[in-house]
Amino acid sequence: ISARPMSTKHLQLSRFMLVVATATFVSLSAEAAPGSGGVPHGGGHCSNDWNCSLGGICSNSVCKCDIWFTGPNCALLNLAKAKRENGFNFTGTGWSSWGGHAVPSNGSDQWVGVFSLMARGCGLGTYHSNSESVLATANSVDGPYTLIDPTNPDAAANLAVAPPSHCTQIKRHPSGEYHLWHIFPGFADNATSPDSQPPIKNCSAAKIQEASRSELRGFQQQLFVQTASNPLGPWSEHSTPISISVLSSSTATQASCTAPYYFPNGSALLVIGGSACPEHWGGSGGAHGGGIGCLWAATAPNWSGPYMQHGVNNGGVAGDPITHPENEDPAIFTDPRGNFHLLTNVNTGHRRCKGGEACGGHAWSRDGITWSDTFIGAFGPNGYMEDGSIFNHTYVERPQIAQMAPGTPPLALFVSAGPHYIASPTFTWAQRFCDDEMNPENCGFMGGLPFTPPAPPPTKPSTSV
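Be aware that the sequence shown starts at 603, since it is given in the numbering used here, and climbs by one per residue.
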């Protein structure tokens, strides 16, 4: 895919609103259970597959959902009951992580995860200086993931990219090379970057410090990529900075977490996150009356760019975001039919949804450029555990997906969560998607307690690029 000619301005990348999850475990309550019994698996009225969220097919005017989606119109994630030990969690020793996901290991049955971990035992509030991208492995896609050197999280053996590096995503390029996308330049390039801020060194599990808001003002959040021939590394010492140009009519002037996707021919798509929404966009409040973060699409002939923004192609104004309403923390995956799915956090700044409410976003596309509006409530902070209890994280963010390869079934959902706001340890939760071999009674919607049937998904027609 190549970008068509457009007037541009350089995309500046700056800080984003940081929000954190809380988590508690509650006893099982049949009345409040959000499991499969309260959510229909398909059955909604449709005229085409788009009405079924591209998460199933429309057959005889009725949605029939793929096993990994559920709900009347297949807009909800269908997840298995969670294991007690899952994901990437070092909160027992006072260390905080905030998102990440995994890819299959080369030459073994293991999974290799890359996660954002706060160095020196610092709290999440120090993400701008202390977030590092670390390596961990697991025998199961949903974990638990163990650091290469579990005796010392800061050990060199664990590091894919030394701090500062955040919003970590690992992707396998069609060439076979692995790419680690992140914001902030990493230690090797920190001195010459506008992101430059040395890691805080006096944090410990006993004293978790929080960076002040004033310390975070004025810093940029440019995108960078490290490369490796194997997900376990070694990863390149120096990062490749990513250049993005946007339409002159666009409000996309900053970015935070951004989702990459590679087409089979090696060209690349970025869903850019974090910028202020246009005034006419609506949303839950914030900058320009349209929410504090929106999403845009940009493409390049190869992964290293330069990237050019695509104008909207659905009757909107050139330079508009790709989906309503406000969104952040995008993640892209394709299903076995070649459809694109975008998972997001719609609860930017905790302005839209209360704690305990499902506020995860799901948008869909046939080409990765023209998207539906975002269905709000596709996943949330609550669900069943295998042991019969219900977990309640209050808020979850940073959704990511693990697959064997693009175009194969999604295997696990990763989200970030934590017990208290910023200063307490946080973790990365992982939960398997349902598959055809699982008992349907062990599958269901990870959403609010009690389950409230969502409104029908948007039916805006898709158009070709």
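The set of hints was computed from the structure by calculation and includes no laboratory data.
Check before you lean on any hint, since a few could be wrong.
[Said to hold, decoys possible] Dumping the calculated EDC-like pairs for lysine to aspartate or glutamate here, alpha-carbon to alpha-carbon at most 20 Å:
#	residue 1	residue 2
1	K666	E1039
2	K773	E881
3	K666	E988
4	K685	E1043
5	K666	D1037
6	K666	E959
7	K773	E687
8	K666	D989
9	K773	D1038
10	K685	E1039
11	K685	D1037
12	K685	D969
13	K685	E988
Hints and how they fare:
1. For the given pair, K666 sits about 18 Å from E1039 by alpha-carbon distance, which is consistent with the 20 Å threshold.
2. For the hint linking K773 to E881, the alpha-carbon distance of about 34 Å lies beyond 20 Å, and the restraint is violated.
3. Proximity of K666 to E988 is assessed by CA-CA distance (about 27 Å); at most 20 Å being required, the pair is judged violated.
4. A hinted pair counts as satisfied when its Cα atoms are at most 20 Å apart, and K685 with E1043 qualifies at roughly 15 Å.
5. As the CA atoms of K666 and D1037 are separated by approximately 15 Å, the hinted pair is consistent with the 20 Å bound.
6. Taken as a hint, the K666 and E959 pair is broken in the structure, with Cα atoms around 26 Å apart against an allowance of 20 Å.
7. For the hint pairing K773 with E687, the CA-to-CA distance comes to about 25 Å; that exceeds 20 Å, so the pair is violated.
8. Of the pairs offered as hints, the one joining K666 and D989 is violated, with about 30 Å between alpha carbons and a cut-off of 20 Å exceeded.
9. The straight-line distance between the Cα atoms of K773 and D1038 is roughly 26 Å, outside the 20 Å bound, and the hint therefore fails.
10. For the proposed pair K685 and E1039, the alpha carbon gap of about 17 Å is at most 20 Å, so the pair holds.
11. A C-alpha spacing of about 16 Å is found between K685 and D1037, which places the hinted pair at or below 20 Å, so the restraint holds.
12. This hinted pair does not check out: K685 and D969 have alpha carbons roughly 35 Å apart, beyond 20 Å.
13. A distance of roughly 6 Å separates the Cα atoms of K685 and E988; the hinted pair therefore holds under the 20 Å criterion.
Of the numbered hints listed earlier, those contradicted by the structure are 2, 3, 6, 7, 8, 9 and 12.
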